[in-house]
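A.B. asks: Could you build all of it, start to finish, from the sequences and the hints given here?
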Amino acid sequence: MVPARGVTSQPSQTDSGLQVTRAMADKYKVFIEASVQGYHAYFKDATVVIGEVLMCERELDNVYDKYAVAVNNEQGKVVGHVPIELSKVFARFIRNYGEVEAECLGARYNRGEGKGLEFPVDYKLSGNKRYLEKLVSSIKKKETTCNLNISKVRECQDLNS
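Take the sequence shown: its position 4, counted from the start at 1, is 4 in my numbering, and no numbers get skipped.
I should point out that these hints are in silico values taken from the structure, not numbers from a laboratory. A quick note: this is a predicted structure, and the numbers were derived from the prediction, not measured. Glycine is no exception: its CB is placed at the ideal position from the N, C-alpha and C atoms. There's no promise every hint is true.
Stated by the list, open to error - Mimicking EDC-like on lysine to aspartate or glutamate, the simulated pairs with C-alpha atoms at most 16 Å apart in a straight line are: (1) Lys140 / Glu33; (2) Lys29 / Glu101; (3) Lys129 / Glu99; (4) Lys29 / Glu113; (5) Lys29 / Asp122.
Stated by the list, open to error - Pair ranges (Cβ atoms, derived): (6) Lys140 / His40: 26 to 32 Å; (7) Tyr64 / Tyr97: 33 to 39 Å; (8) Ser138 / Lys77: 29 to 35 Å; (9) Glu57 / Ser138: 19 to 25 Å; (10) Val49 / Tyr97: 17 to 23 Å; (11) Gly112 / Thr47: 35 to 41 Å; (12) Tyr97 / Phe43: 27 to 33 Å; (13) Asn110 / Arg130: 37 to 43 Å.
C.D. replies: Rendered as structure tokens:
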């Protein structure tokens, strides 16, 4: 494995006194196609355009789901939530191992199952390889009503990819 650009495989001192090691530089990603739910509650105050990259953050004060993960647009406004089938896994991942982004893939729709408006996204989880593999395995074992398309865990070629 090749260390990330600008990071050596041996520990080194930086100006701020932090040590950078190869283990810290190992950055992996996995993509999960799913949806953002609850858009009907937010679309009057917050919009989303196809191709927009959204940030996922734990919503610690949510009284309905203690594992709720809010999806925010570029202006920081909530546009919906990660489906409940994925929220526990995503919340733990965000808390312990990495970050989650969502790219809007299409227009809003209503499946007619009482879940209101939602829109398709490609969730990008970046972080520790071992935990990403464990996360994917955990999601695949669960029965879910979400239509999921999960990529293989792969090394980031660039920290911005």
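A.B. asks: Taking the hints in turn, state whether each one holds.
C.D. replies: Comparing the hints with the structure gives:
1. For the hint linking lysine 140 to glutamate 33, the alpha-carbon distance of about 13 Å falls within 16 Å, and the restraint holds.
2. With a C-alpha separation of about 11 Å, the suggested pairing of lysine 29 with glutamate 101 holds against the 16 Å cut-off.
3. As the CA atoms of lysine 129 and glutamate 99 are separated by approximately 13 Å, the hinted pair is consistent with the 16 Å bound.
4. Taking the CA atoms of lysine 29 and glutamate 113, the gap is near 31 Å; set against the 16 Å cutoff, the hint is violated.
5. Taking the CA atoms of lysine 29 and aspartate 122, the gap is about 12 Å. The hint holds against a cut of 16 Å.
6. With their beta carbons about 29 Å apart, lysine 140 and histidine 40 fall inside the hinted range of 26 to 32 Å.
7. Range check, tyrosine 64 to tyrosine 97: about 25 Å between beta-carbon atoms, so the 33 to 39 Å window is missed.
8. For serine 138 and lysine 77, the Cβ-Cβ distance of about 30 Å falls inside the hinted range of 29 to 35 Å, so the restraint holds.
9. Take glutamate 57 and serine 138: their Cβ atoms lie about 21 Å apart, and the range 19 to 25 Å holds.
10. A C-beta distance of roughly 29 Å is found between valine 49 and tyrosine 97, which places it outside the suggested range of 17 to 23 Å.
11. For the pair glycine 112 and threonine 47, the beta carbons lie near 23 Å from each other, so the given range of 35 to 41 Å is not met.
12. Checked against the hint of 27 to 33 Å, the C-beta distance between tyrosine 97 and phenylalanine 43 comes to roughly 31 Å, which is consistent with it.
13. Distance hint check: the CB atoms of asparagine 110 and arginine 130 are about 38 Å apart, consistent with the given range 37 to 43 Å.
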